[in-house]
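Quick mapping for you: the protein sequence lines, in order, are chains A and B. If you read the first sequence in numbering that gives the first Met the number 0, its first letter stands for residue 0, the second for the next number, and so on. If you read the second sequence in numbering that gives the first Met the number 0, its first letter stands for residue 0, the second for the next number, and so on.
Calculated directly from the structure, the hints in this document are not laboratory data. Nothing here was measured: the structure is a model prediction, and the numbers come from that model. Beta carbons are placed, not taken as given, at the ideal position from N, Cα and C, and that holds for glycine. Be aware that one or more of the hints could be misleading.
Going by beta-carbon spacing under 8 Å, a handful of chain A positions derived as facing chain B [claimed, not checked]:
#: 1; residue: V1
#: 2; residue: Q5
#: 3; residue: Y7
#: 4; residue: P16
#: 5; residue: N21
#: 6; residue: E24
#: 7; residue: T47
#: 8; residue: A49
#: 9; residue: P51
#: 10; residue: E65
#: 11; residue: A82
#: 12; residue: G97
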Amino acid sequence: MVTEEQIYDAISTVIDPEVGFNLVEMGLIYGVEIGEDGNVMVTMTLSTKACPLHQMIVQWVKEACEKVEGVNNCEVNVVWEPAWNITMAADNVKKALGG
Amino acid sequence: MFAVTRDFAPPFRLIAPYFVTGVILYLVSAVFALGFDVSELGFMDPTVIGWVHLYLLGFVMMVIFGAMAQLVPVVLETGHFAVDLYYIIGPMLFIGTLMMALGFALWPMMLPFGGLIVLSAMLIFVFDVFMTIRKIGEKLNFAMRSVVVSNTFLFFGVLLGIVLALGYAGIIGIDIAALLKAHVFLVVVGYIVVTIIGLSMVLIPMFGLSHDFSWKPVERSLVAVSAGVVAVVLGALSDSGWLSWTGYGLWLAAMVLYGYEVIMLYRTRARKEHDIYARSLYIAYGSMALALLTGVVYLFSGSDAAILAAGWLAFTGFFGFLITGHLYKIVPFLVWFERFSPLVGKQKVPMLADMVPQRSADFQLCFTAAGVFVGAAGLLLGSSEIFKAGASFLAAGGLFLIHSMLFMMRYK
Numbered sequence: 000m001v002t003e004e005q006i007y008d009a010i011s012t013v014i015d016p017e018v019g020f021n022l023v024e025m026g027l028i029y030g031v032e033i034g035e036d037g038n039v040m041v042t043m044t045l046s047t048k049a050c051p052l053h054q055m056i057v058q059w060v061k062e063a064c065e066k067v068e069g070v071n072n073c074e075v076n077v078v079w080e081p082a083w084n085i086t087m088a089a090d091n092v093k094k095a096l097g098g
Numbered sequence: 000m001f002a003v004t005r006d007f008a009p010p011f012r013l014i015a016p017y018f019v020t021g022v023i024l025y026l027v028s029a030v031f032a033l034g035f036d037v038s039e040l041g042f043m044d045p046t047v048i049g050w051v052h053l054y055l056l057g058f059v060m061m062v063i064f065g066a067m068a069q070l071v072p073v074v075l076e077t078g079h080f081a082v083d084l085y086y087i088i089g090p091m092l093f094i095g096t097l098m099m100a101l102g103f104a105l106w107p108m109m110l111p112f113g114g115l116i117v118l119s120a121m122l123i124f125v126f127d128v129f130m131t132i133r134k135i136g137e138k139l140n141f142a143m144r145s146v147v148v149s150n151t152f153l154f155f156g157v158l159l160g161i162v163l164a165l166g167y168a169g170i171i172g173i174d175i176a177a178l179l180k181a182h183v184f185l186v187v188v189g190y191i192v193v194t195i196i197g198l199s200m201v202l203i204p205m206f207g208l209s210h211d212f213s214w215k216p217v218e219r220s221l222v223a224v225s226a227g228v229v230a231v232v233l234g235a236l237s238d239s240g241w242l243s244w245t246g247y248g249l250w251l252a253a254m255v256l257y258g259y260e261v262i263m264l265y266r267t268r269a270r271k272e273h274d275i276y277a278r279s280l281y282i283a284y285g286s287m288a289l290a291l292l293t294g295v296v297y298l299f300s301g302s303d304a305a306i307l308a309a310g311w312l313a314f315t316g317f318f319g320f321l322i323t324g325h326l327y328k329i330v331p332f333l334v335w336f337e338r339f340s341p342l343v344g345k346q347k348v349p350m351l352a353d354m355v356p357q358r359s360a361d362f363q364l365c366f367t368a369a370g371v372f373v374g375a376a377g378l379l380l381g382s383s384e385i386f387k388a389g390a391s392f393l394a395a396g397g398l399f400l401i402h403s404m405l406f407m408m409r410y411k
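The whole structure should be built from the sequences, with the hints applied where relevant.
Laid out in structure tokens, this is it:
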């Protein structure tokens, strides 16, 4: 059975090239649902609606999850509510971006 | 749900020539400025108008058009009507700009021909933008509205420009001073400033990760600047003083509101690094404030030195640093998107910040800032020596800008 931790670890390999942090520590991943059939649903957001890498980031998340042993298929649902803000990021991100 | 897919994103080989041409003409315009004799300079002087066209068309518009090839899909949330049109817009703008600059400086008969080529390039650009806007079915957001407004002003601005070019060449008889004022406001304020206001509300929050800010000041700013441009243009064409002054007042209020919005973006940003992008923006908006101040001095004093300094600060400081600052974000992104994004997950890829040559960018910023402020001081003091020192700094900054651009474009 695939675990949430495995999925989060996989998504941690996806890095936003603009800020240099992975999506998990940025706080962009809102939730992960794992079905018994190995189907995974990732609910996430992006730091801005105008993100020009939107579709690529979604694709990278899907590919990263589908590399996990036991995952049959991964769907990514991008949501804008609640809107992302810096308080959702990990402390190391806040500290680094804080200048 | 929207995303810039590879289908929407134009190839880098389409956009790169705009940026390369733009920064080369930036350097050429800085060298051109070295020839000014400030003690005899007036803002209606053909060499000044030639320089303004070289700088604004060759650098500012060239880079904006290149950026719009990439940003129109981002702002309008749909693909271009015909992105291939950008293959002809750039060369036409380049040739037309050179002919116009030479026309103003040396051979007036070249003006209508250069003007016609520039007009054609801009009409093709406006055509693509409006046809792209037609594809949007939903309600227009702020950035989309600003694109509609700015391109409408550009359309009328270039039409007046061609009439002016014919007048300068002596082909038709016109009131050059009145038409010039209308042309300047339509193109510089109506197109460039409105474009800056609209795009900055997409780009600055995106790069600074600003959240939870009010849009009211900038929305009011867009209304005020639009009404201001219309009032000044009608005032100039009808020789109505009160309409012109109403327009100036609205324009000034619009810039104050926009400045307030930028301060809110700054205060609500998550990214507080003082990188080359942030520092370029500080100088850009500082220059904007100084340009407004000297512009107001001109309105009440009529001093040629004040309007020349205001124009210099606005063009080289405000427009210049906003553009160069964004080049340090946009060019690495475009190169990364084309060259490295297919390698994600397969091998280690650079971060965008790794692709910026820090020392070269720092030198560019320092020399250019010196050029902006020393040049403005030279204009205000009527000293050719001080102004030429400023233009020299600007040219040195231009060399570092070209170096930075080539470094980012060749990054492997």
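Quiz prompt | Structure versus earlier hints, numbers of those that do not hold, lowest first | solution = 1, 2, 3, 5, 6, 10
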